[in-house]
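Q: Here is how the chains run, residue by residue.
Number of protein chains: 2
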Amino acid sequence: MRRIISVTVVLIATFSVLSAAPSDSTQLAGYTRDNSQSERQWEEKFRVLPDPARIRDDMQRLSARPHNVGSAYDKDNAEWLLSTFKQWGLDAHIETFSVLFPTPKQRAVELLEPTRYTAKLEEPAIAVDPTSGQKAEQLPTYNAYSIDGDVTAPLVYVNYGTLEDYEELDRLGISVKGAIVIARYGHSWRGIKPKVAAEHGAVGCIIYSDPRNDGYFQGDVFPKGALRNEWGAQRGSVEDMPLYPGDPLTPGVGATADAKRLSLSEAKVLTKIPVLPISYGDAQPLLSALEGPVAPEAWRGALPITYHIGPGPAKVHLLVKSNWDLKPVNDVIVTIPGSELPNEWVIRGNHHDAWVNGAQDPVSGMSPEMEELRALSDLLKQGWRPKRTIIYAAWDGEEPGLLGSTEWGEAHADELRQKAVAYLNTDGNDRGFLEVEGSHSLESFINDVARDITDPEKNTSVWERRKLYDISKAKTDEDRKDVRDRSQLRIDAAGSGSDYTVFVDHLGIASLNLGYGGEVDSGIYHSIYDDFYWYTHFDDPTFVYGRALSQTLGTAVMRLADADVVPLEFNGMADTYARYLDELEKLAKKKRDDAIERDRELDEGVFTAVADPTKKSVPPPRLAIPPYLNFAPLHNAIDTLKTSAKNYQTALAATLANGALAKASAVDEKLIATEHALTNDQGLPDRPWFKNQLYAPGFYTGYAVKTMPAIREAIEQDKWPLADQSIEVVAKVLLNEAAAIDGATAELQKLTQ
Amino acid sequence: MRRIISVTVVLIATFSVLSAAPSDSTQLAGYTRDNSQSERQWEEKFRVLPDPARIRDDMQRLSARPHNVGSAYDKDNAEWLLSTFKQWGLDAHIETFSVLFPTPKQRAVELLEPTRYTAKLEEPAIAVDPTSGQKAEQLPTYNAYSIDGDVTAPLVYVNYGTLEDYEELDRLGISVKGAIVIARYGHSWRGIKPKVAAEHGAVGCIIYSDPRNDGYFQGDVFPKGALRNEWGAQRGSVEDMPLYPGDPLTPGVGATADAKRLSLSEAKVLTKIPVLPISYGDAQPLLSALEGPVAPEAWRGALPITYHIGPGPAKVHLLVKSNWDLKPVNDVIVTIPGSELPNEWVIRGNHHDAWVNGAQDPVSGMSPEMEELRALSDLLKQGWRPKRTIIYAAWDGEEPGLLGSTEWGEAHADELRQKAVAYLNTDGNDRGFLEVEGSHSLESFINDVARDITDPEKNTSVWERRKLYDISKAKTDEDRKDVRDRSQLRIDAAGSGSDYTVFVDHLGIASLNLGYGGEVDSGIYHSIYDDFYWYTHFDDPTFVYGRALSQTLGTAVMRLADADVVPLEFNGMADTYARYLDELEKLAKKKRDDAIERDRELDEGVFTAVADPTKKSVPPPRLAIPPYLNFAPLHNAIDTLKTSAKNYQTALAATLANGALAKASAVDEKLIATEHALTNDQGLPDRPWFKNQLYAPGFYTGYAVKTMPAIREAIEQDKWPLADQSIEVVAKVLLNEAAAIDGATAELQKLTQ
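Just so you know, the sequences run in chain order S and W. So the first sequence is numbered by this note's numbering: it starts at 2 and just counts up by one. So the second sequence is numbered by this note's numbering: it starts at 2 and just counts up by one.
Hints in this document: simulated from the structure, not taken from any laboratory. Each hint should be verified, as a subset may be incorrect.
Each pair may be met inside one copy or between any two copies, as identical chains are not told apart.
To be verified - Result set (EDC-like, lysine to aspartate or glutamate): computed pairs, CA atoms no more than 20 Å apart in a straight line:
no.	residue 1	residue 2
1	Lys474	Glu598
2	Lys474	Glu602
3	Lys382	Asp52
4	Lys720	Glu605
5	Lys671	Glu416
6	Lys273	Asp130
7	Lys459	Glu436
8	Lys482	Asp594
9	Lys76	Asp493
10	Lys225	Glu341
11	Lys474	Asp595
12	Lys592	Glu602
13	Lys474	Glu605
14	Lys382	Glu341
15	Lys316	Glu168
16	Lys587	Glu479
17	Lys643	Asp583
18	Lys692	Glu605
19	Lys592	Glu292
20	Lys269	Asp326
21	Lys751	Glu729
22	Lys316	Glu96
23	Lys592	Asp576
24	Lys76	Glu341
25	Lys269	Asp640
26	Lys692	Asp725
Build out the structure end to end from the sequences listed, making use of the hints.
A: What follows is the structure, given as structure tokens:
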């Protein structure tokens, strides 16, 4: 495996050569020199195969009709995928689970006072858009896993409905107790909004799409442009996935026919209050009817009104009733058996279910995945034999709650923990820059892959383009220098929101989530307008980024499957975790400083002095000054981890130089254990499903990741003894990680003895 | 004079005593102990006199009808002020100048393509607002000193129309050459918008009030709330006042009947292209008709449209024709002769003319000024005799171009340079916090005054409330610490935009501009709705802040007039100027760093790599790397200034302790010279009217101040040799300032010898 310093030198010295010469001039990480050469040849054969025209055709087929969980066309798609994969000569099957999936029976949002308005709750068909009129098959706009409810109450506008927004309401002396809140989409994952509203005593929750966020403020609206129009609304799950994702009735186990199921009332992931999404056309009459304080500037959207908070005089009736049946989810699973290491699995997935037609979400990721499989089947016919087993999955039921992937992961948990080398996820695709998030043991690997993929719009690699993009977006000189000087581009940790969750967070399998994006403004997310017409007019009409996605993921799958040693790398991981520690220390210091400053300002009378007496204003509560935390165990653990990482890379280089990799499977076994070492059995405080101690979706953010989550959330939530305990827990996990790496190093050293 | 360290100690030790006990427990700066006591007694007598009911009545009278320059009611107000002052037994007269003041004959804004729309250009009467219907006397919406023009051209949206906005247009590959630009009000002074547009080749300019800036986005619109409604528009001057203010035809001299006048074509301060202001009701059809790129996020306002930039397809016809007559401006001048030092003048002013009824602007400052005069006339009857001469001015013609004050200042320039101790300005008033800007030699003085004024809403001094406000608004820990630790609150330098300009910038007279504000949202600026109805519903309905303004300014005037030595202070000045130097060094460094970074990114290909090929994008131009500048002369001069400032305070303390102030007039003479020392005869590069080398309105900002303007603007505009020369010039001026202070110190030392 390449070392950081030498890479930097190579890049500076021979950049023009690298651009001109074929990329096989450098040795692949985890490969002997000979195997690296032959791998490069196979990969190059692979990358000419994905065909934009086929990606387009597959998208048109898969998105031709609404295909939500339980729908006829969802099943039809699964069967069509199965038969297509089989036609290509691949070993494919459907694995079915039986999951709770509520669909709406009754929905109503009515303004009763001071004027009357009945929300349409309906996205109209658009003449130029052929599939938008498939009314009979479209799921109505709703939030899955909202409990049933029928409430009438005064309305309060709560901005994004985050914890900070409720602190602001406290400052304004406004309570949502007994009220229906209206929150706008954005900033937090939608499921957080009813959760936090209920915690504050609200009895109902309406979520609307403000034109500031994905409507006319951002660009022309559909069908003139790509943004959300007046009546477009965002469906979506409000299952409390930060507690656990997947089937609400079978946490931790696969939702097979005979699984033991919770009753509805035992399922803690349903919302506590009813919730419905609405369009801004429906929201404007409600928001216009609010009085009370003018919303703070950051709360105001782009509707042509003065945003008031309430409560009232707007009084609203909210009604949600669902059918709570179990529905099947059909995962389509393809297996390409490994020729040498069949018990090591490289897994690749994208979901196939959608909220409606879902051309962008998920089909723009699903059809490139199909092209990968078609191309790989072609390579198999040409004689390529992957060393490890490759498993391709077309997941069902991602939209309601990562159902298909989570149930599959739970059903096969033991085997996966033992065999899975890595999981590679996509979930849609757009034009633009390569976006990668996930496990830092794969950071170096995916950087190398990205160096070999050509950007369809620019005469450069997607890696180079991303690097220049990162330079352009760097917020500080320090960040910009980091991008320029580091041999590898940093990848973000993965939060949640797609099918990698069970792999990263529950099973401890090294995972990546990838896609292209950043050049497409979009306001059709989870609406009936996310369809073939929209995608081919406003996203990637020539499907060249679809091809790039196929090339990227296919190359990554092959390179993982064929490597002499699984190409994990730990120096970058240790470097990144050290940064997390630094962040946590700064966060703890900031909490302390902020509390001291807050209390000092209360003593000085700042809040009283600056308050306008014509407006209600409540000083913030006095804060207890946080104690100093003992970060020493974490410092020590990271030092140990850095040493282990360095030793592993030294041993690996020596082994590869020797060509002595006959029994690399023993090394792989230890390497697979390294990612498990990031988990523990207890899981996170109060959410045991989440085993990973390095990465988790935030309990109050939903999608957005919290790294070292037990510590970070304890600090954020002022749980100081828990923070100190969690430092010990994470330090222990990192020492386990170091030991696991040492285990792999020892196996490597055996090979060269 | 009080020293900084002792004040801090006093504040900490005796704050509760200070709050409870009368404020005469501390000695006034510039006063012997005995005189301090008697001054405090007179000031306390003064402060009970201003009467909110009278301020209200005076506002109602002055704003009863439109009273723009040249109107019948403007003259009527001047005569009423004169007779009122005379009734109070004061020596008052009217001084009249004859100035160029264009008023509109023809105005049109028409959208010709792709649809047709004719702008209303009319603010409607509102039923509940009695004066809004005085149509016959209202000046129409227009921008005074726009040249005549009749142009038809494609439209381009230019955001605020600042230099930075045109750089953004360059990046988007959009030229305004031959186009009519539409800019929104805000960020720069309005006169900058047509000036910069013309420099970039535009043929016409429309300025509109976006609801984002002072309409429904900010709060409920008039008459429900205080903000600008759909058809409200902002009148205002576009005279190029950063070149010179006052009558365009008589720069540098008083516009007396026999003054030598430029021809219209010689007057460089008229705009180069026609310009008109419009409401957002009139702007929306124009902006909606634009295509081309979507405006960058920071450019988007709050209209319910997607903001595009153009050019076109919107094609617009703009017509402006004015009557270019000379009109009279009538300054009302009151003189209260000094009993001991009649040749030292303390000057106080607020303008009386308005764009329309002008209850807030300017009458909310003018009627408290009247109350000061009424109260002072009362004190005179009680036996008070100010040591120095007090001059009160009610300026005319401020709105079109600071006409009345500038012409008066120019007409009496020699006498003012010799006699004026200080000028104190107000220009309207609102509820909220004391706002002060101006000369730093008066910083310590005005802090002391503010400590003696009680905030009408809080049980505290306006100084204490402002301090707590500054703590709450501090952007960094360092800034917050500065507010807490420094004995005096910092005041901002004054830019332009009101009648202090000729005093500060042209004559070099220590000046302050004061007012209360920060608690009133307002969208009636320069509209027909700025009237008694609006002010008494949405601003300071009980006029308690009007009373506070009277108390503040009256106290300041008395304290300046009665002092044993003019209470200027130079330690704070030197401290502030050292900060300006620091800012300039950082600015020069930033310009260097930014140029190096820009060129590096051009070399790396960043701009090309990140550009979306479906959108036009032009890399920014390569920059020459700025040279290092020689700031040493400025460092040395500031060191010298600090020493002189310290020596002066030491000498003053010794003198006051001695009570030896029989011949203080010699000291005063030197002190008056200190503020002149900040000017030089040459003035600023390319704008010789601006003599002050420390403070000036920015050539490209208009209202906003540039401190050490010759250096700062040279750096901003990449004029490096000029920057180096200007450092020498400003250093020379500061050495002159130090020498002037030394002159005052020498006079003080004579008194104690």
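Q: What hint numbers does the structure not satisfy?
A: 4, 6, 9, 10, 15, 18, 19, 21, 22, 23, 24, 25
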